[in-house]
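S.K.: For chain P, the structure is supplied; the task is to place chains R, Y and B on it using the hints.
Chain residues, written in single-letter form:
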Amino acid sequence: MSTHGEEAGWTRDEMARRLALDIPNGSYVNLGIGIPELVARFVPEGRTLIYHTENGLLGMGPSPAPDAGDPELINAGKRQVTALPGAAYFHHADSFAMIRGGHIDLCVLGAMQVACNGDLANWSTGEPDAIPAVGGAMDLVAGVKSVYVITQHCTKTGEPKLVERCTYPLTGRGVINRVYTELAVIDVTPEGFRLVELAPGVEFEYVKERTAAPLLRR
Amino acid sequence: MSTHGEEAGWTRDEMARRLALDIPNGSYVNLGIGIPELVARFVPEGRTLIYHTENGLLGMGPSPAPDAGDPELINAGKRQVTALPGAAYFHHADSFAMIRGGHIDLCVLGAMQVACNGDLANWSTGEPDAIPAVGGAMDLVAGVKSVYVITQHCTKTGEPKLVERCTYPLTGRGVINRVYTELAVIDVTPEGFRLVELAPGVEFEYVKERTAAPLLRR
Amino acid sequence: MIDKRVQDPTRAVADIHDGATVMIGGFGEAGSPIELIHALIDHGARGLTVISNNTGSGEVGLAALLKAQRVAKVVCSFPRTANSTVFPELYRQGKVELELVPQGTLAERIRAGGAGVPAFYTPAAVGTPLAEGKESRLFDGKEYLLERWLRADFALIKGRRADRFGNVVYNKTARNFGPIMAMAAGVTIVQVNTVVEPGGIDPESVVTPGIFVDRVVEVATPLHESELVAAGATYP
Amino acid sequence: MIDKRVQDPTRAVADIHDGATVMIGGFGEAGSPIELIHALIDHGARGLTVISNNTGSGEVGLAALLKAQRVAKVVCSFPRTANSTVFPELYRQGKVELELVPQGTLAERIRAGGAGVPAFYTPAAVGTPLAEGKESRLFDGKEYLLERWLRADFALIKGRRADRFGNVVYNKTARNFGPIMAMAAGVTIVQVNTVVEPGGIDPESVVTPGIFVDRVVEVATPLHESELVAAGATYP
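Sequence order for the protein chains is P, R, Y and B.
Under the working numbering, think of the first position of the first sequence as 372, with each following residue one higher.
Under the working numbering, think of the first position of the second sequence as 372, with each following residue one higher.
Under the working numbering, think of the first position of the third sequence as -8, with each following residue one higher.
Under the working numbering, think of the first position of the fourth sequence as -8, with each following residue one higher.
Hints may be right or wrong, so weigh each one.
Said to hold, decoys possible - The calculated lysine-lysine pairs, modelled on BS3-like cross-linking and capped at a C-alpha distance of 25 Å, are: (1) Lys516(R) - Lys133(Y); (2) Lys527(R) - Lys579(R); (3) Lys125(Y) - Lys64(B); (4) Lys516(P) - Lys133(B); (5) Lys527(P) - Lys579(P); (6) Lys86(B) - Lys64(B); (7) Lys449(R) - Lys64(Y); (8) Lys125(B) - Lys133(Y); (9) Lys64(Y) - Lys125(Y); (10) Lys125(B) - Lys125(Y); (11) Lys64(Y) - Lys86(Y); (12) Lys64(B) - Lys449(P); (13) Lys125(B) - Lys64(B).
Unchecked claim - Cβ pair distances, simulated, as ranges: (14) Ser434(R) - Arg418(P): 50 to 58 Å; (15) Asn396(P) - Gly177(Y): 14 to 22 Å; (16) Gly497(P) - Asp9(B): 31 to 39 Å; (17) Glu498(R) - Asn548(P): 50 to 58 Å; (18) Pro433(P) - Gln84(B): 35 to 43 Å; (19) His8(B) - Gly417(P): 57 to 65 Å; (20) Arg418(P) - Glu123(B): 27 to 35 Å; (21) Asn548(P) - His215(B): 35 to 43 Å; (22) Pro433(P) - Gly35(B): 41 to 49 Å.
To be verified - Incomplete in silico selection of chain B near chain R, CB under 7 Å: (23) Gly105; (24) Ala106; (25) Pro109; (26) Asp154; (27) Phe156; (28) Asn158; (29) Val186; (30) Pro189; (31) Gly190; (32) Val197; (33) Pro200; (34) Ile202.
Since the hints were derived computationally from the structure, they do not count as laboratory data.
Yeah, the Cβ is synthetic: ideal placement off N, Cα and C, and Gly gets one too.
Next up, chain P with everything else stripped away, as it sits in the complex (with noise of 0.2 Å):
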């Protein structure tokens, strides 16, 4: 791992691992789909999450064997789950009264923005022939007690992820509360950004050159 190659900090899995470990026993979360959805494979040991899918489900579960699936117990991303003990089926409208109503502790999401007022741009390059598709963040965002952002730090041409103002159309106003990526946790406070910690080996220049907005020491 180096602080100046490509493959600074945390690798999805550590980053992943290193968000699962702020997740208190007990909580009800709500996992977004692609890097998200790996925060569930690291939650350490002696703590119970209960996982919530918008389509319906609480008390979701990992993947069923193979064949032992049912295409009508699926997540939001659409992909068989299983149900664990204790788990409750609801509909729709009581499934976003959970989320609406401040119920669902914490929920992570990836990004393509975040700016440090703590708005979220992830739903949409706002391009003119893309077809729009918001599902449920945007209620999540609304409703949900903590939402975190998972995300590599830049984009794939090595434009920042953390911004001054979004350029893409928003998800949310002022709603996100912290990001984890490859180079660093970072808080969003009412002063701005502020580094919570750095990767094994990254240093704070190198997180600060790589974001597009003030980034405050701890």
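M.R.: Structure of chains R, Y and B alone, referenced to chain P:
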């Protein structure tokens, strides 16, 4: 039965029987406390009605056999009832979604006053020391498809209950479709009260004299 | 390990503070969490705002809480029942405030509180004295009233069975306000006849998912309000 | 005698008129009433407004209805899925209109339609492009958007079991939009694997009470959309 004595017209049971004749097979019906409850006894052979009680039961049946009741299986009048095969229990928000959403076909209520514009007063005399209590009456009249009143034509002191304008506090504005009394069946139309049917031996003028608003002939 | 069980009603209500807003389940005696209410009387919190469909009967349960003058305000649809004398007396003496709400509006305001909907429109009560002071608005030519959500610090409700995650099923028409109050309170306390292990309730039949429940207390053989009232019982 | 059974999907959808608004249940393939949708394609109604969370995959079910150009407008939250090519193509060609609605707002608007609530406020989408043209308002210092109810002429949904009164239970996460769409449509048509006699469903476990259901069709072994798509099937 006399057209001029105190006992003119239908008995309470006959009023209920007459009303029951007008309810189509398969209707979802909410019956208020008191005379309205009698209606269930007189449903014509071959028709099935499904009774809704706003405290969370569809498919309500008659009172239980002695000592067979459950104090947690009651109707809106807080009396023990039964649940018929095909019944369903639900919570209060769902129950009033049925009411407010226009899913109940008919509700039958008692009345203090019904005005010729369809206004109903049936919850309060407006006296300053009365304990105000409204229950579900305002929701029922606002949401149910048809609202029938079943009542004595006049109060115990001989005051007409069918009036030009209600003087008691309203339960709802322009909500009553039809009134069944011991003297007649009367529709509330855009032109006001209109006679549908006289009780046997009752004359039109007799009803008209006891109605404090214009009464149109059939 | 998630375990929402609490040993007894006393411990379950121990942090209800003076001035708290408390939703109390039940329609008449069906679903009334009488043991939790009695524990609340013993606990002694005062100046409560109680949101409940009725005001109790006799001098037990909710009526006893009122009688003990712990309640500053009642939000309810029908504060008058057979055998209900405590509330009317206090109300006439000006010792308790009343906010009268149509039953369906009460239910929907509570559900809205739980669902994060701060306000909604309803046709109920338009043109009546209960519309006074309320905003109204036309939609598609019909008039509706604007109603605000109701939320509470605590909810006390009664179920039939729960697991230690807080999933609850109810008994018949005792369900009534339980599921929506569970959604609308900061801390939801449920008394149930039986606590089972997770998996002991079919996930297809759960009525209140555990996410809405904070504390579960087993009361194996709850008192029946009507029997107590018939026997002339009082509490404490 | 109350009997809401209809012999087959063809008869169940026979009165869906051109220009009708049709809610179609399902989240992806879970809960998608594929036999009812295929019957609707055969039936031929055009110019439909479809309210559904997604827009189907492959060229069967909902995607096939779109492909057959029977749909003038789609109201949905996520018109893009794996194996979803039909909608994107029609949309880019300007052959179908899209009203994009956040998923929770979509669910709540449908529930509001069923519950007789013409409008409500939600925090979702505040400050985003989906708030454009919408009224907003502060409650307790926080901004919310005003949203209108959604109602439909017909709802097509899929359950697991029903009785002839129309009481329905669902299968796992196939429940999703079924219960609320059943509430919000003038005519609700449910396909189920099994029809049972009244009493065959525990009244404590009924999810959709029969009052919300008009027609019940038994489809004992419904097709699975994902299997059809994997096999490259098309409809008709």
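S.K.: Hints first: check each against the structure and report whether it holds.
M.R.: Hints and how they fare:
no., hint, result
1, Lys516(R) - Lys133(Y), "holds, 15 Å"
2, Lys527(R) - Lys579(R), "holds, 18 Å"
3, Lys125(Y) - Lys64(B), "violated, 37 Å"
4, Lys516(P) - Lys133(B), "holds, 15 Å"
5, Lys527(P) - Lys579(P), "holds, 18 Å"
6, Lys86(B) - Lys64(B), "holds, 9 Å"
7, Lys449(R) - Lys64(Y), "holds, 24 Å"
8, Lys125(B) - Lys133(Y), "holds, 20 Å"
9, Lys64(Y) - Lys125(Y), "holds, 20 Å"
10, Lys125(B) - Lys125(Y), "holds, 23 Å"
11, Lys64(Y) - Lys86(Y), "holds, 9 Å"
12, Lys64(B) - Lys449(P), "holds, 24 Å"
13, Lys125(B) - Lys64(B), "holds, 20 Å"
14, Ser434(R) - Arg418(P): 50 to 58 Å, "holds, 52 Å"
15, Asn396(P) - Gly177(Y): 14 to 22 Å, "holds, 20 Å"
16, Gly497(P) - Asp9(B): 31 to 39 Å, "holds, 35 Å"
17, Glu498(R) - Asn548(P): 50 to 58 Å, "holds, 56 Å"
18, Pro433(P) - Gln84(B): 35 to 43 Å, "holds, 41 Å"
19, His8(B) - Gly417(P): 57 to 65 Å, "holds, 60 Å"
20, Arg418(P) - Glu123(B): 27 to 35 Å, "violated, 42 Å"
21, Asn548(P) - His215(B): 35 to 43 Å, "holds, 40 Å"
22, Pro433(P) - Gly35(B): 41 to 49 Å, "holds, 44 Å"
23, Gly105, "holds, 5 Å"
24, Ala106, "holds, 4 Å"
25, Pro109, "violated, 10 Å"
26, Asp154, "holds, 6 Å"
27, Phe156, "holds, 4 Å"
28, Asn158, "holds, 6 Å"
29, Val186, "violated, 12 Å"
30, Pro189, "holds, 3 Å"
31, Gly190, "holds, 3 Å"
32, Val197, "holds, 4 Å"
33, Pro200, "holds, 4 Å"
34, Ile202, "holds, 5 Å"
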